[in-house]
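From first to last, the protein sequence lines stand for chains L and F.
Take the first sequence: its letters are residues 1 to 611, numbered as in full-length UniProt numbering.
Take the second sequence: its letters are residues 1 to 611, numbered as in full-length UniProt numbering.
FYI, nobody ran anything at the bench for these hints, they're computed from the structure.
Among the hints, erroneous ones may be present.
Identical copies go unnamed one by one, so any copy, or any two together, can satisfy a pair.
[Claimed, not checked] Taking lysine-lysine and the DSS-like style, the derived pairs with C-alpha atoms no more than 25 Å apart in a straight line are:
(1) Lys576 - Lys499
(2) Lys9 - Lys576
(3) Lys499 - Lys572
(4) Lys576 - Lys267
(5) Lys70 - Lys267
(6) Lys70 - Lys576
(7) Lys70 - Lys9
(8) Lys572 - Lys70
(9) Lys499 - Lys70
(10) Lys572 - Lys9
(11) Lys267 - Lys9
(12) Lys572 - Lys267
(13) Lys499 - Lys9
There are 2 protein chains.
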Amino acid sequence: MGTTETLRKLLDGRYPETRDRVRSWLSEPGNAPADDLELEEHRARVLAWAQELSSQGDTAIGYPVEYGGKGSPARSVTAFETLAMGDLSLLVKCGVQFGLFGGAILHLGTGRHHERYLRDVASLELPGCFAMTETGHGSNVQALGTTASYDAATEEFVVHTPHEAARKDYIGNAARDGRMAVVFAQLIAGGEQRGVHALLVPIRDDDGASLPGVRLEDCGPKLGLNGVDNGRIWFDHVRVPRENLLDRYATVAADGTYFSPIENPTKRFFTMLGTLIQGRVSVSGASISAAKVALTLAVRHALVRRQFGPPGEEEALLMDYRTHQRRLLPALATTYALSFAQQRLVDELDVVFTTDADDRLRRQLETLAAGVKSVATWHASDTIQRCREACGGAGYLRASRFAALKADTDVFTTFEGDNTVLLQLAAKNLLTDYKDAFGELDPLGLAQFVAGQAWGVLTERTPLRKLVDGGDLRSRDTQLDLFRWRHEHLLESAARRLKRGLDSGRDPFSVLVDCQDHVLEAARSWVDLVVLESFPIDPAVDALRSLYALHTIEAARGYYLEHGRLSGGRSKEVVKTVNALCAELRPDVGALVDAFGVPENVLTPSEPVTA
Amino acid sequence: MGTTETLRKLLDGRYPETRDRVRSWLSEPGNAPADDLELEEHRARVLAWAQELSSQGDTAIGYPVEYGGKGSPARSVTAFETLAMGDLSLLVKCGVQFGLFGGAILHLGTGRHHERYLRDVASLELPGCFAMTETGHGSNVQALGTTASYDAATEEFVVHTPHEAARKDYIGNAARDGRMAVVFAQLIAGGEQRGVHALLVPIRDDDGASLPGVRLEDCGPKLGLNGVDNGRIWFDHVRVPRENLLDRYATVAADGTYFSPIENPTKRFFTMLGTLIQGRVSVSGASISAAKVALTLAVRHALVRRQFGPPGEEEALLMDYRTHQRRLLPALATTYALSFAQQRLVDELDVVFTTDADDRLRRQLETLAAGVKSVATWHASDTIQRCREACGGAGYLRASRFAALKADTDVFTTFEGDNTVLLQLAAKNLLTDYKDAFGELDPLGLAQFVAGQAWGVLTERTPLRKLVDGGDLRSRDTQLDLFRWRHEHLLESAARRLKRGLDSGRDPFSVLVDCQDHVLEAARSWVDLVVLESFPIDPAVDALRSLYALHTIEAARGYYLEHGRLSGGRSKEVVKTVNALCAELRPDVGALVDAFGVPENVLTPSEPVTA
């Protein structure tokens, strides 16, 4: 069928062969998601799968060619995204090992770390942990409690957990498989606190016993992702050699002299964190894939399941009810939209990591990743839930895959950056850019921005144009105009409110807290706009784009109406057009999910039984 | 603290001692929710708990005094609601055994069934199933496939599963414990189809082996509620004696003569189903309790957890961020609101089942139960999810209770009536009532209503008043006016649209499908109104009522603005007032969740560890 093929091409983007390779692995017998294993069995299965993938060379795609890789972050993320259609514990295990652990060595370490470790990481000879989060600090990484004090006498760092809240927590690979950890700790060198840095710390010997001074504990069963062995780590004055510091952004000389090419400690910290952005981009892509699996299940169910109907006739298909169309089709259109936005995000990631990208491009990537990750993971949670409900009792059986999809993706909204915190990060960057337009650069973000001075220009700008209430609602230009207007208006008014608060002499933190919901909405509206812009200009996805756009406008119509940007009549027209688009897309809905290319193997709902 | 006590009194309503009795049972060691058991262990534990409750006489509260009960449906539902703070598998097991199985015998059977079975049901000597749902039919019960054909030669009914889609599915107690089932089947007597009726069919012998002609299968692990043994049942010409027909609404004489006091088969069917409404009311109450548990966990976490903050100072409590207040406080206010609405629902249930209530009261109860159950169970799903996210990684551990809360309550949105179908039922009744106001009674519901004729009057009514854009947003009267306006406007315009569609000669089913989203919104707005009305007039809950009301208006402000019922400025004032109310309630938030009276025993999050 032509439609499916055209759509598949658009969805698969630049790397169809990478996707097909993973699809074909998932389709092999034995590689379907596990839904029936005990904790330890599941962990063992996941490890074995990861080993198989690594033996096929599929786990180093993002690493440099000299270490067995293909030097392609974009293909690496694309493969990861596709793997997310299968067992999500396997996905996260791979993310921890090859993405976070290996990625930290790659991006924060230097040549000798790469030379010594990267091959073993890719081959899983050296299973490792990314020990950043602590019980007391998840989002605010700058305030971590673990310390790494340099002892010039022995040329070692002493890694220590000073109090209970500073234990490393929820660390993947820590409970069972990890042999080494990248530990994020407050570096103390030359008698001074130098901020958070990362070091390599061995945690288990070759027999799997924990090393002296290292205490390990299993986090035990989790809500989901039980094939991943998350654990806790305490360090009791554990000594590691000086060269274990991942020293791309800072070095400590034998005598304890600290040097970093980035003088400002906050800028240094955010630069280091910034290199780890691939994890966030990967989770974003994975969540979109999970939504595709859920939609494929729910749409196919709705195309065979009948319930109620006109008297005396065959019962109607669920898919023919408007409520059911409303439930599934906007979510389907949004999933397409986010797929295209994800492609753009992956392209930007590739540019930043394979070219000599400047700060502006890096910050642009950071903003986009933060925004798309938040929106995509919330979308996945919501979509999987609505799809489960749309399948009724059948969707509640563990065999239906909804159990795993729901449970496993749940944490996507809070790991690799809590969504609320990420939207704030995006907002901070957008406000900084906004200020840039007036000639001020403040890379340190919102707090400083709020505390800044030269905002006078803001109030002198001409008021935002009010567009006339016209234009075809189905045209891309009209849709973009509406999205842009909402974003500009939200951002400008947020900036004004912040400025007003500061001008009145209130303390910056409380000014910021007061505007927090407004600031978040500004970021959200920007993501909406970027997502809309990402749609390819292709008649095959015109109706999907309109449905995404108008459904988004419908949800925000209170804002448009409040500000006179939509009239009451026009707003009602938006609602009607959403309904009309659902009806128009109804005949193609099977093709629309087929185009996702979810391997049949991973779709194992209880068979729909019909009379 | 005065606030907690006052609020607890309001929340506990008429039956504080019933609630406290269950709270005290839940607080006993060994009665905390199970989060670490294998499937069969969990099932065994749940059965043992249910036996313990029954040995204490707590499972027959709703049954007549002569069978060991207390004749109080209200107290029964209240006890059930409170039990929902604990292990939800136990709750659903009790619901299946004492509520659905026992309730069907009580309400559809007659004296000899009560005499013979009710004591054994209450004591769990006779574990039983409520075998209504089939693989092919969940919502549309009228179209079930199982048959029960009367054989006058032997004075027996022959119960049969004619095809695969007619197997009974997801039936609680069927996989392991059930000895007998109330089976819903198409009755065939005197050579004629008589519609769906219920009969008692033994399914297992005393040793637990399935009886001849009965095939039983375990549904296996589910997304949640794994302490309940759901299963499938097939009948192969199973014979049961004539007296096994639950014959309150229809009898079959020895010679096969069928008689029912309710002549109209559809009316008879809905009357029979109507008596089973307690299950729906119970699930509604249970979901509100589950939301209370989640909110207690998340609010307490937010009162100890600090993250980020003003430079150089202690980090700020999560609860002091506006985004966090926005996340939790409207959900908290809505939980209060739904608690009060649930009290009203339980009161109406009690009146209908303990007095000689007329059809009007019964239909009113049906509408209210359908509406509140939908809104409450969706609210619970949403609230539990937002609370999980608000607890970050700690909320993702299985020990945190969020795993069980999420998984176990998930099915509440689709069992005891799929929420979408229930909102349609509510809408049907509201539209029928609306028509009644013009002198037409059509108890058969929307389809017939749509097909009806005498709607002419509708178009002659005066247009809905447009109230002036005034009144204190925090006053109950202003809030009620706004809620009423929205509901009346939605209902009247839905009725007009339906009429227009019919007048144009289109077929009624497609007219209905076209208006489905509108009709559902009308029902939803009615539930909102009823919930708002249910708030006690007491200064202790004034701010909570305003927050619930204005947050609801905020969410629907697009509609108000579209129809000129709110001005842009007024709408912005609503948003601001929601923020202000969050800030005002902030100091009391600990007391607000303490007032829920969730036993400490069931709150077992991983201890918040602080520095």
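Structure-based check of all given hints:
no. : hint            : verdict
1   : Lys576 - Lys499 : between (40 Å within a copy, 18 Å between copies)
2   : Lys9 - Lys576   : neither (31 Å within a copy, 46 Å between copies)
3   : Lys499 - Lys572 : between (36 Å within a copy, 20 Å between copies)
4   : Lys576 - Lys267 : neither (49 Å within a copy, 36 Å between copies)
5   : Lys70 - Lys267  : neither (30 Å within a copy, 70 Å between copies)
6   : Lys70 - Lys576  : neither (49 Å within a copy, 53 Å between copies)
7   : Lys70 - Lys9    : within (23 Å within a copy, 67 Å between copies)
8   : Lys572 - Lys70  : neither (52 Å within a copy, 53 Å between copies)
9   : Lys499 - Lys70  : neither (48 Å within a copy, 65 Å between copies)
10  : Lys572 - Lys9   : neither (35 Å within a copy, 44 Å between copies)
11  : Lys267 - Lys9   : neither (41 Å within a copy, 54 Å between copies)
12  : Lys572 - Lys267 : neither (48 Å within a copy, 38 Å between copies)
13  : Lys499 - Lys9   : neither (47 Å within a copy, 46 Å between copies)
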